[in-house]
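Knowing the structure of chain A, use the given hints to seat chains B, C and D with the ligands on it.
What follows is the residue order along each chain.
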Amino acid sequence: MISKQMLNIESHIKIAEDTFEVVLPLPDEIELKPGQFVHIALKGHMLRRPVSVADVDKEANTFTIIFKIFGEGTLALSKYRAGESLDVILPCGSFYPIENINVNHALIVGGGIGVPPLYYLGKQLKEKGVKVTSVLGFQSGSQVFYEDKFRALGDTFVATNDGSYGHKGFVTDIIKDLNKPIDYYFSCGPTPMLQAVTKQLEKEKGYISLEERMGCGVGTCYACVIPLRENPKQSKKICKDGPVFYANEVILS
Amino acid sequence: MISKQMLNIESHIKIAEDTFEVVLPLPDEIELKPGQFVHIALKGHMLRRPVSVADVDKEANTFTIIFKIFGEGTLALSKYRAGESLDVILPCGSFYPIENINVNHALIVGGGIGVPPLYYLGKQLKEKGVKVTSVLGFQSGSQVFYEDKFRALGDTFVATNDGSYGHKGFVTDIIKDLNKPIDYYFSCGPTPMLQAVTKQLEKEKGYISLEERMGCGVGTCYACVIPLRENPKQSKKICKDGPVFYANEVILS
Amino acid sequence: MSLAVQLPGLELKNPVMPASGCFGFGKEYSQFYDLDKLGAIIVKAATGEARYGNPTPRVAETESGMLNAIGLQNPGVETIVKEELPFLRPFHTPVIANVAGSTVEEYVYVAKTLNKSDDISALELNISCPNVKEGGVQFGTDPELAKEVTYKVKEASDYPVYVKLSPNVSNITAMAKAVADAGADGLSMINTLTGMQINLKQRKPIIANQTGGLSGPAIKPIAIRMIYEVKQALDIPIIGMGGIMTAEDVLEFLLAGANAVAVGTANFQNPLACPEIIQQLPETLKKYGFRSVEEAIGKGHEG
Amino acid sequence: MSLAVQLPGLELKNPVMPASGCFGFGKEYSQFYDLDKLGAIIVKAATGEARYGNPTPRVAETESGMLNAIGLQNPGVETIVKEELPFLRPFHTPVIANVAGSTVEEYVYVAKTLNKSDDISALELNISCPNVKEGGVQFGTDPELAKEVTYKVKEASDYPVYVKLSPNVSNITAMAKAVADAGADGLSMINTLTGMQINLKQRKPIIANQTGGLSGPAIKPIAIRMIYEVKQALDIPIIGMGGIMTAEDVLEFLLAGANAVAVGTANFQNPLACPEIIQQLPETLKKYGFRSVEEAIGKGHEG
Ligand SMILES: Cc1cc2nc3c(=O)[nH]c(=O)nc-3n(C[C@H](O)[C@H](O)[C@H](O)COP(=O)(O)OP(=O)(O)OC[C@H]3O[C@@H](n4cnc5c(N)ncnc54)[C@H](O)[C@@H]3O)c2cc1C
Ligand SMILES: Cc1cc2nc3c(=O)[nH]c(=O)nc-3n(C[C@H](O)[C@H](O)[C@H](O)COP(=O)(O)OP(=O)(O)OC[C@H]3O[C@@H](n4cnc5c(N)ncnc54)[C@H](O)[C@@H]3O)c2cc1C
Ligand SMILES: Cc1cc2nc3c(=O)[nH]c(=O)nc-3n(C[C@H](O)[C@H](O)[C@H](O)COP(=O)(O)O)c2cc1C
Ligand SMILES: Cc1cc2nc3c(=O)[nH]c(=O)nc-3n(C[C@H](O)[C@H](O)[C@H](O)COP(=O)(O)O)c2cc1C
Ligand code: FES
Ligand code: FES
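Chains as they are written, first to last, in this note's numbering: chain A, 679 to 931; chain B, 679 to 931; chain C, 8 to 310; chain D, 8 to 310.
Think about it this way: if two alpha-carbon atoms lie no more than 30 Å apart in a straight line, the pair counts; the simulated DSSO-like pairs of lysine-lysine are: (1) K757/A <-> K294/D; (2) K34/D <-> K711/B; (3) K208/C <-> K293/D; (4) K692/A <-> K804/A; (5) K294/C <-> K757/B; (6) K911/A <-> K89/C; (7) K721/B <-> K721/A; (8) K208/D <-> K721/A; (9) K89/C <-> K914/A.
Everything labelled a hint here was simulated from the structure, so no lab data went into it.
Please read these numbers as outputs of a predicted model, since none were measured by experiment.
Pulled out of the complex, with its shape left as it was, chain A reads as follows (with noise of 0.2 Å):
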């Protein structure tokens, strides 16, 4: 059940370059799925910000969340610390639908700030001993984050746009020369990215998460649409309906 609450900030540290990782706790009865986000509230600030849930604890009853400045709004969320409380919407959105699809080997192809949501993603896709390969794309060697987690689920290719880190180049430059059969993509991360990967991969199946500004981030403001291929007079709203679709569910502008 979607509510507001406040949440304590467990712990709040710099992962990379402008990406902090934030640990709040997960309240009771509070169930958080891959790709699905949580819409915060900054002080200051009329609208909330949606961030995606990037891990789960359930040990330790938390969740994580990474994010990079990118504006006001992340810059507001970076002063945080530790101890300070959140006004968080949560859960939000639509998730992977992993547990209605029959995957063997999963290919995850995450650029940027879009790389989040698919550890969590990752980490259950291998919880269910599916075997997971990961391409994570990023502007610079200086702003890779949570490699090493990655390569924990399965082979993990990085490709940096200047080339300071990994493989110079995008994140297709990868998956074209990958000669493994994947049965299913998930792909998060900027528009032009989506837009190369699904074309890339327009022969597999695949779920692909997408951003758009938003106003409430529940459903009721039609903010956050997005055009159906099916039918493009007729739209999704991401907040809701999403920010999961089927790959060629929707017409990426």
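Coordinates of chains B, C and D with the ligands only, in the frame set by chain A:
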């Protein structure tokens, strides 16, 4: 010379109901005289808040302000803590011209948050060898502050509106029964009190200190004018020509 | 303390309702609290046919406000009547339908279709949406057109009609008079002010539609002024809105002359905004010396 | 990096100037910094005779903004020419005089009197002050009146005339066209939006004049939108203003189409606002890929 300074709060304590005393460092080369005020910026507020100088400690190189929670801005100010820094314009406005007048026995009449500037005034008067009698009015006993400090300057009478402390009634009730010859009075407080006091003491020489909602606080915006008795079509600026005026110079309304 | 207010066609247990476009058709926020708590519910705009609305991005954040250019996206009045309104039936809270259109005929069609529904108690006639090329804003800035569309919709509907005015005018009283003359049962004010924000990196307006409607606390002083002016000139019930975040804001609107209020943008920041404001209201009224909501209405005009 | 901009009658070393009414006649802020740093200075409004202005309170604080109803208090144009403007003579910063009035004759008289002064470089024709019963706002909302007063003042003055537009209109482009047709050398936009705040304790408007002009960051999206629209329709220099607090705000106005900007309310919060913004400007321009101020003007229209 007026300037804008960032000052680190040295202490911030509650001294009466909703009333706080804040000690700030006195910047080099700034002189603060009794009657002057400082203009304080508060995060999240467009306009600054004017607060009088309540005391100056030349040894410690600090000055004191005293304020009462009235609305959002003073509420915000009450939440600052020692060590935090405050954005202050100072010194602002005119001062009690005690260096240019000949005074033997001064009557000080303060009401509520009009009391603070009169303490610094009284202290300087006493240093100059002037006899000081103080009449202080408050809403109720829980709001009384600095009584002892005023007693150290001379005879001091306290009135409260609700009679919960000192004389029940108004400062004018006390002044009525004061059978002492004074040569100047100095008053600061809510406008109705100033009207009553200036009327009651209209045969005496006196100075009063006024309040008005301010924009700039430095004399550019014409927000804070008060009409002159001599010619009500003319006005002076409370922030720059005031807040201290010769009692009969202005029209109180 | 009585929070009840009576308006044409509306018996409100309290004066607070979500504003059109900021509450969908009620489903989502019903997950957060019992909609019975609300004084009323104004649902999202209905047009004759389904509309896709504007391209995204559709919202942006501003200082103490936001811009939106949704573009009246909605599934069309037929679908709303059939599939959306019935959800609100079990609640003991009157529903106000928001009527939009590009032509007088479309407005009339929407009103007529809504007339068939028993799930609503009143219409809010939206002649003030700034976000669609042909979305009614011309009706909201020209008194003659406003009069005409109000008259025709009144004729077509058995429900009381609250006309929602645009603040993007020089003379709000003239607009209010025009629609009152045409038979409006009440006014709803204000809609958003047209604004823009430019993305410095992309060097173009953030909102794909270029301009969007400014809402939130930034516009509250404009809303208060307009309601005050209209109240001074006219005797007609007003549902006030524009930047309400707290119970004190509600009281300010009541003093200005609003008989009830709607809360828009605040819902996005705090999904519990409406019930929290309603809960605070008795205490706030008491603090400022009022014994009921009715007592506060228009009291800012006597000082 | 070049911050210089050229406008009719104005060679500005940088595009940032204090806005009229928010800087007096320069004396006070000259205690805080060297006025030579400013691109120009727009001084307080001048009317034919001295005016007392409105009763107090004249200002109130709002969310991300403020209301003011000063009511054009000023010592009259003769005194301004004789006693105020000479103070600014030693500075190497062009001065723009703000011309106000209740009648066309008064505007013309003020313009003629200012014509005798050598201490100014341009006029800003204020047809948009919302705070005086007969203070020019009718000139600012009626294109025909705006045209007439602009034409007459142009005739009376040898200085370039920037007409300051009111945002309290439905169609800002029509107003801009009207004054451009009448010979305006440039536009200055926007003045304040009419607003109100009610004191809950006193149950009456805080501002003694009841309504006041809303300024500050709250109105920035409206200013940006209006400048963008006018720039799209007309080729005339624009001095942009409304809520500027930072160098990024300045860039947003330049992208929208302003050739220079004025900073008003920000001076009250930070007396060093103008010089600090000017100092930040080169870095900000660079950050967003511009090599000069001129290069950024109107660039928000190409995306
Ligand atoms: C479902 C979803 C999940 C996300 N998960 C993450 C995550 O795990 N880690 C992370 O770093 N970022 C994530 N983002 C992006 C993140 O929401 C934006 O970076 C953030 O909103 C930017 O806010 P700002 O105030 O820093 O930027 P500003 O540009 O100052 O923000 C202005 C406005 O634009 C909105 N906005 C700007 N960029 C975006 C964007 N890309 N997506 C949505 N709204 C935007 C803001 O929310 C705000 O309303 C996610 C976005 C969505 C929609
Ligand atoms: C020269 C001068 C000296 C002052 N000295 C003191 C002092 O030593 N101690 C003290 O407690 N108070 C003093 N005041 C009053 C103090 O400035 C106000 O109580 C304070 O501004 C209220 O702000 P707020 O945000 O709490 O109230 P709000 O009502 O929320 O403020 C809204 C706006 O109104 C203005 N405002 C409200 N009341 C007043 C007022 N009485 N005078 C001026 N502006 C007001 C605020 O500055 C703000 O701009 C002084 C005022 C002046 C003019
Ligand atoms: C995202 C959004 C969508 C809106 N959609 C509508 C609408 O469909 N019909 C309408 O009459 N008003 C619409 N409005 C205007 C609001 O109902 C309200 O008049 C305005 O936002 C001012 O109130 P606020 O400041 O509390 O948001 C919308 C506002 C927002 C923010
Ligand atoms: C206190 C105050 C006084 C003003 N006086 C004038 C004036 O005399 N003439 C004028 O043209 N504009 C006047 N204005 C309007 C400003 O010049 C400016 O157009 C407006 O405030 C928007 O800019 P800002 O948001 O940066 O303040 C005044 C504004 C304020 C806040
Ligand atoms: S953000 Fe409101 S519907 Fe998605
Ligand atoms: S507050 Fe601006 S002149 Fe006094």
